[in-house]
Amino acid sequence: MSVQTCLAGQKATIELTLNGQRRSGKAEPRLLLCDFLRHELQAFGVHVGCEHGICGACTVLVDGRAVRSCTQYAVQADGRDIVTVEGLAEAGTMNALQRAFAKHHALQCGYCTPGILCSATHFLRETPAPTEREVRDMLSGHICRCTGYASIVAAILEAADAVSRGA
Amino acid sequence: MKPVAFDYHRPETVAEAVALLADLRDDAMPLAGGMTLGPMLNLRLVRPRALIDISRLAGLRHIVQDGDKVVTGAAVIQNDALRSDVIRRQVPLLALALPWVGHFQTRNRGTLGGSVAHADPSAEIPLCLTVCGGTVVLRSRRRERRVPARRFFVDALTTLREPDEIIVALEWPRAPAQSGWGFAEIAQRHGDFAIAAAACRATLDDEGRVKDLVLGIAGVESRPVLIDTENFRGGRSTEVGKHLSDHSVAGVTPMEDHVANAEYRIALTKVLVERVFRDACADAERRRNKLQ
Ligand code: FES
Ligand code: FES
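Respectively, the protein sequence lines represent chains A and B. Numbering follows my numbering, in which position 58 of the first sequence is assigned residue number 290; successive positions increment by one, without gaps. Numbering follows my numbering, in which position 28 of the second sequence is assigned residue number 760; successive positions increment by one, without gaps.
Keep in mind that the hints were calculated from the coordinates and are not lab data. On a predicted model such as this, the values are computed, not experimentally measured, just so you know. Only true hints are included.
Cut-off 25 Å, straight-line C-alpha distance, at most; resulting in silico cross-link-like pairs (BS3-like, lysine-lysine):
| id | chain 1 | residue 1 | chain 2 | residue 2 |
| --- | --- | --- | --- | --- |
| 1 | B | Lys734 | A | Lys243 |
| 2 | B | Lys1002 | B | Lys974 |
| 3 | B | Lys801 | B | Lys943 |
| 4 | B | Lys801 | B | Lys1022 |
| 5 | A | Lys258 | B | Lys734 |
| 6 | A | Lys258 | A | Lys243 |
The following residues of chain A were derived to be distant from chain B, with all beta-carbon distances above 10 Å:
| id | residue |
| --- | --- |
| 7 | Leu273 |
| 8 | Ala321 |
| 9 | Lys335 |
| 10 | Arg357 |
| 11 | Ala386 |
| 12 | Ala394 |
Think of the CB as a built atom: it goes at the ideal place given N, C-alpha and C, for glycine as much as any other residue.
Construct all of the structure, not just a fragment, from the sequences and the given hints.
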């Protein structure tokens, strides 16, 4: 049998790629992936809001797809390739999407921002020239209590433009 | 907001998974994308002793055309199905409905089989499978069996799946060439649970009369409901809509919850039925013109 097992209360060693680097840490089965990323691997850009899949704050890229990290467990992420907001651009720099967020004031408190940036990254890769409606549809998976969304939509549309022009 | 402690098992093959389930029985739950089970675990609405992670099983991610049906592996990711040409061409109803299933971010992890296994009364995928006349393929250590969707969904969150079975695939009959499709739902916010949803398949003859009609609603009763449309065959597509919507709510007993009372659900259902019937007829018309 090739069943991987970790019993309740015991800790498994999780090895994964985080923002391009091989990392490992310990997790018991019930540890949420978001908590593992924050507390074990110090990826504090992963924000935790509702902890049941609704708000989108914890969204990260797993194998390139934008997904919730609060409704999966660290043990499930073993061997995966994970990118958090820290990995979107080189430290100290911002990519086109992030610059557009800054320019359009697409964040106020910033709590929702890392999740939205991760979602938008995957979304723009799949939909390089989105309509406003498509952007809003993608954004419906996130809750922002500050901005009213208009500035976020504007920023993502501008970034799409910039990215497709190769900026 | 943290789950109770559980044992975690991650088999690599279906055979290993069903062997584990057979041993652990009611103590274990299969975990796929976790888009429903994850929240329920975190909210401690369920407290399983063990989880069997089936999200990495080999051979459950296929979308293939097999004669007159399309077979989707249970672990097909919803967004992959949404982007699949085979689904768009051969199972148009599912392609219409998937954008309504949760959000981009949950569809990136949620699976077709997971939604069917969970059987939320308002869920889109079980409704589509029911209207399409599809089949659920289940496997246990004892056997493999196929259950028609129209029998599989028994009640809210209750299906004919035995505790030692996992869903391995869904079978969708290929859409008849001239059939048109409609899907619509109403939720408080896009991506929320539907208060009511409706799905329809219609075929028209050359005079625009209804040749064949399948209509289903979800979110209204505790499972997807098929409406008996026998009396509407032969009716003019332009005239049938209103009667059909009255008829569709005649026998139903709507659920009541904090979002909608029975009366409101009935009102929504009537609107949705008219809408999906109209859309399906227009779609059928379009497809017929294309074929001619
Ligand atoms: S914290 Fe994960 S969706 Fe809210
Ligand atoms: S910027 Fe504050 S929640 Fe979005």
